[in-house]
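Participant: Protein chains in written order, with my numbering: chain X, 1 to 299; chain R, 1 to 202; chain W, 1 to 752.
Calculated from the structure, these hints are not laboratory results. Every value quoted in this text rests on a predicted model; they were computed, and no experiment measured them. Some hints could be false.
Once the Cα atoms are required to be at most 30 Å apart in a straight line, the calculated BS3-like pairs of lysine-lysine come out as [stated by the list, open to error]:
no.	chain 1	residue 1	chain 2	residue 2
1	R	K181	X	K25
2	X	K219	R	K164
3	X	K279	R	K168
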Amino acid sequence: MTKTLSYYPGCSSQATGVHLDTSLKAVMSKVGITFREIDDWNCCGASVGHICSGHVPTLALSGRNLAAARAAGPEDVVTPCAACYLNTHHTNEEIRDKPEVKAEVNEALAEAGKSYDGSLHVRHICEVLVNDVRMDTLKSAVTNPLTGLKVAGWVGCQTVRPFAATERGGKWETYDDPSFLDDFTKACGAEAVPFKGKTKCCGGSVAVISPDKTLHLMKDILDEVKASGADVVSTPCPLCQTNLEMYQPAINQQFGTDFNIPVVFYSQLLAVAMGMDAKADAGLHQHLIPPDAVLSRAK
Amino acid sequence: MNALSPTPTKKYDLSFARWVYRNVDGGDRLALCMQCGTCSGSCPIGAQMDFGPRKLFMMIRAGMKEEVLSSNSMAACVSCYNCVVRCPRKVPVKYILQSLFTVAVREGYAQSVDSDNARFARAFWWSAAKFGRTDERLVTARFYFSYGLSAGFKKSMANLAIAKGMVKAKRMHLGLPHTCKNAGELRKILAKAAEIEARHAT
Amino acid sequence: MTERKTGIYLCSGCGIGDAVDVPALEGVAKKEFKLDSKSHACLCGDEGVAMIKADLEAGVNQVAIAACSARVMSDRFGFEPVQVLRADLREKVIWSHPANHEDTQALAEDAVRMVLTQAPKVKAPEPSVEGEWSSRILVMGGGVTGLAAAAQSAALGHDVLLLEQSDRLGGRALDASKRLPHTPPYAKPEANDIEALVAAVTGNAKIAVRLGCTVTQTSGMPGRFVVNLSDGSVETVGAIVVATGWRPYDATKLGHLGYGASPDVVTGIELEGMLKAGAVKRKSNGAPVKSVAFVQCAGSRDPDHLPYCSSICCATSLKQALELIEADPDTNAYVVYEEMRTPGVMEELYRSAQAAGVIFMKGKVKGVGADLTITVADELIGEEIPLAGLDLVVLATGMVPNSTTPNAPAPAEGADQLAGDVDPEVPFPVAGYCGGTAPAVHAKREQAIPDGGSLLNLQYRQGPHLPVLHDGFADSHYICFPYETRRTGIYTAGPVRRPMDWAEAAEDASGAVLKAVQAVRSASAGAALHPRVGDLSYPKVSLNQCTKCKRCTVECPFGAIDEDEQTYPIVNSTRCRRCGTCMGACPVRAISFDNYSVDMLSSMIKAVKIPDEFSGKPRILIMACENDAVPALDMAGIKRNQWSAHVRILPVRCLGSVSLLCISDALSAGYDGVMMMGCKPGDDYQCHFVKGSAMAAERLSKVGETLKSMMLEPERVTQAEASIADADRLPKVIDAFVEQITAIGFNPFKGF
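Based on the provided sequences and hints, a complete structural model is requested.
Facilitator: In structure tokens form, the structure reads like this:
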């Protein structure tokens with residue numbers, strides 16, 4: 001298949017989650033998806049934007065992105081970031097479903113000569129991989145199966161909650177026991193180990209803001225990773241990846257543990273399994289904890 | 001929808017619950033809460049909240065405005081959405097907490113205004129609105145120093161190892177901030193949006 | 001009388017022939033009973049049935065079949081009016097015991113012996129049908145339930161006599177503003193449509209309405225009740241539907257909730273009247289009601305008042321709150337509750353009230369001030385919260401059943417009939433409840449007992465009232481036998497039976513009417529009602545044996561037996577439910593049925609071949625209740641659960657029908673132990689005849705002394721509880737008893 005999608009990379013694509021952006025683009029090139037990046041996109045407001053700005057300014061942020069995407073074409077908007085997905089999806093629905101919101105957002109957009117009618121679909125890239133690309137396509141693109149690699153699939157929260165099981169979210173997964181991440185792992189030829197912490201929360205933005213309040217959450221997740229016997233954690237969420245990786249020293253210090261568990265994106269595993277370069281395509285050199293078990297299997 | 005919540009004239013304000021039902025995002029469904037506690041039981045951070053969502057909602061019904069808006073419950077939310085997807089009555093719990101947080105900040109409740117989240121949110125919004133994109137380094141620094149110079153310095157030093165690692169991994173950069181090409185345009189849009197937001201309050 | 005000619009048929013199908021020696025069973029009939037028998041590989045098949053039918057043509061007038069359980073294939077083996085006796089070789093023999101084992105063979109042979117012994121002891125019952133029978137139905141009460149019952153009885157072709165104590169039809173519904181939702185989507189209060197029902201009844205030629213009329217005396221039995229009325233007339237009716245409804249709990253007892261302290265504290269009933277009258281104003285000053293609090297469970301679920309939940313007060317408060325909010329959307333309506341109870345579709349009304357902004361507070365009311373401030377100990381917040389600024393406080397009071405006529409003088413006798421089965425002062429076992437026992441529901445027993453005059457003033461030996469189950473509700477068993485009272489032919493419907501709302505009451509009326517119709521039709525046919533539906537037998541008393549001990553008249557669970565001037569028992573056949581409790585009670589075997597008697601049971605018991613003590617094989621008799629124990633044992637067989645082959649199971653109508661004489665006969669015959677297996681007696685009884693298993697337990701409690709005098713251990717005789725779901729448990733109970741008896745040792749009377 002070939003398909004063009006409007007791509008919203010989000011701020012993390014230029015910083016903490018740059019290796020998600022790199023590896024995802026590499027994988028897309030192998031499965032027939034063309035990303036058309038939204039022109040001059042801006043921040044979505046993430047999990048905290050609304051606190052001090054309020055409702056309309058937050059909607060205006062995503063409204064500007066959606067207006068730019070619509071101007072470029074009617075194709076679906078996709079994003080790999082959980083927070084970007086929630087904000088953009090939410091804004092899109094508000095504009096589509098509530099005439100008064102549509103009027104207000106467009107009043108703000110008009111300041112820049114822009115407008116948006118609410119006609120686009122906003123989707124998470126994982127949902128596109130499951131519903132449109134499909135697993136068999138991923139499998140058939142694998143040339144370097146990651147045989148023997150044990151992977152704990154950690155979905156986290158917002159990739160599946162609150163939309164994955166609804167029509168609004170593409171009805172592609174369950175909230176508490178999603179299978180797509182393990183399916184990605186299996187498509188790579190690796191082993192998806194049973195992992196109880198699948199949809200546990202790391203603390204999200206609160207982990208960034210006040211790590212002391214959420215280290216215990218990440219410690220619980222790491223305990224379960226350890227119990228699962230996984231070599232590496234795979235996740236779809238840029239904030240999950242960064243939090244779980246960068247706080248391991250702090251967790252070790254506070255709880256007397258000795259965690260040193262690499263955390264990678266599913267797209268990095270897919271890129272390596274599809275025989276691409278570990279650095280240039282998969283970005284596996286950009287980790288605080290080097291994922292040696294993956295690197296050793298790269299071509 | 002942003003009219004200020006009614007000022008209590010007695011300890012338990014009878015009209016507060018109604019105001020929340022009508023003015024808080026998702027508040028109309030809050031009326032359907034049957035106090036089963038699934039939200040509080042599902043909350044990963046509930047133990048750190050002054051009041052779990054179930055109790056907070058009951059306090060709203062009892063008209064306990066001061067206690068509700070002074071609590072840390074809203075700021076503690078980690079946005080995992082367990083409560084939203086599990087509520088048997090489809091009460092959008094997280095959205096209600098988020099909207100109440102905005103109310104508490106707007107109405108100047110210190111627990112919320114001075115919360116880590118609100119400080120971070122101000123730093124974050126500053127970056128998003130000024131540059132069109134968030135720059136982790138600048139947002140973090142601005143957030144840390146919102147606690148004052150020495151506290152900010154202490155926080156920065158504590159996280160130096162992480163910052164160094166991120167820079168080395170090329171996931172944090174030291175040059176000019178990331179920015180939209182047309183950040184000026186965004187600022188105009190946001191200024192208008194803020195003006196519209198303010199219209200609601202009157 | 002024609003000569004008895006019994007056809008004996010054995011089935012070797014369903015694996016019976018593979019597991020036991022069927023020709024040997026035929027040998028038992030031939031050698032021990034001098035009777036010829038026929039066997040067939042599939043007796044219930046067309047060929048087998050044709051074989052039996054050919055014999056019936058040739059003069060066989062009683063059929064004994066040894067095949068599967070009597071509970072199955074009753075249609076294939078039904079040869080009305082020829083009497084059919086059944087011995088079970090399948091469920092309780094080959095499916096529950098090892099194949100081709102000498103003990104299983106012995107068990108099968110004893111089953112054949114028992115049925116062949118039974119055959120000459122019974123005959124096809126001749127029903128009691130002489131005299132005139134009325135098909136008219138008396139309905140007491142002209143409220144929702146009574147009106148619906150009258151209309152539905154008439155629709156089924158019966159003449160109806162409808163009595164109403166007051167001077168108008170419509171009951172309490174006439175005073176209601178709107179009614180609870182009863183049509184989809186069940187989300188909002190609906191129009192009061194009682195006038196239409198009243199019009200339908202008054203316009204029906206089959207229904208005679210008497211206003212201002214009550215019953216002064218009732219005698220007779222189903223099919224011919226003779227009812228004296230307060231207007232001096234005497235009427236004959238076939239069945240009676242009691243739809244006397246309810247009255248609100250006396251709010252003057254609720255001073256702790258502010259009733260009486262202010263005119264603005266009202267009951268839900270009073271608010272209903274205010275809503276019907278128009279815009280609701282404060283009674284104290286005529287000001288509009290802007291803020292109202294409903295106090296749920298006012299005097300309900302309270303050990304000092306009504307111990308039970310009336311099930312409709314929550315929904316009624318929601319309805320009233322919605323009506324107030326509809327009249328003025330700015331009304332602040334609070335509902336203070338301990339648990340919201342909105343059974344069934346009323347949940348939709350609850351949602352509507354929540355969506356309309358009714359504010360719900362879970363907690364106990366600590367007090368109501370003169371300024372109407374309610375102090376609520378809020379369980380969900382954990383604080384005492386004063387609800388101030390209220391204009392109206394509404395107490396949601398509960399329903400009290402009119403199972404007596406309040407304000408009328410109590411009759412001299414029958415107070416015990418109103419005490420109920422359940423002792424409200426005693427904690428009761430509840431499955432799953434913490435510790436297994438729930439606290440007693442009532443601190444003061446006398447408050448749980450209704451007072452006042454008798455509704456029907458029954459001229460029964462056992463007293464004038466309809467016996468109540470508990471909490472004053474007239475019923476016999478909420479779950480298993482709704483509508484049935486303990487007086488056959490008299491059925492309760494509506495809130496006199498249990499608390500219920502308008503729509504439920506109308507539906508309840510249908511249930512009771514169907515029962516009443518069945519009662520009048522069965523009465524004229526001489527057939528029994530629930531649970532032995534269609535049984536044509538009835539107890540016959542041999543007066544020349546009777547010692548006038550009165551046990552039968554006292555113990556009958558349904559008050560079927562009265563006494564004549566000389567205190568001899570008189571059986572009112574259509575009041576009887578054929579449980580045989582009278583037969584079990586009679587110390588001199590004076591009571592028997594055409595097809596069931598102490599002699600029959602004892603003969604069957606003695607028909608079993610008792611091995612001597614040197615065989616090492618005990619024999620244990622289980623007298624098992626046909627209602628639950630036998631089906632559960634059948635189920636155990638179907639599941640291939642195994643139990644000891646040393647037991648012999650004798651089905652009985654009810655443990656109440658077991659005479660102690662049967663037990664002493666068994667022990668004299670050499671059985672090593674006797675188990676009575678039947679329904680649970682006691683407060684939460686499951687006995688299908690209400691008191692049968694309790695009577696058995698009481699009789700058994702007195703058997704110990706007798707056993708001791710026979711130099712036998714009291715542990716040889718026991719009673720075991722069985723429920724329909726006990727298929728897995730009963731085999732273990734049986735085996736444990738066998739083990740216990742084996743440990744005690746053999747019966748020393750063996751071989752005498």
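Participant: Give a verdict on every hint.
Facilitator: Hints versus structure:
| no. | hint | result |
| --- | --- | --- |
| 1 | K181/R x K25/X | 22 Å, holds |
| 2 | K219/X x K164/R | 23 Å, holds |
| 3 | K279/X x K168/R | 14 Å, holds |
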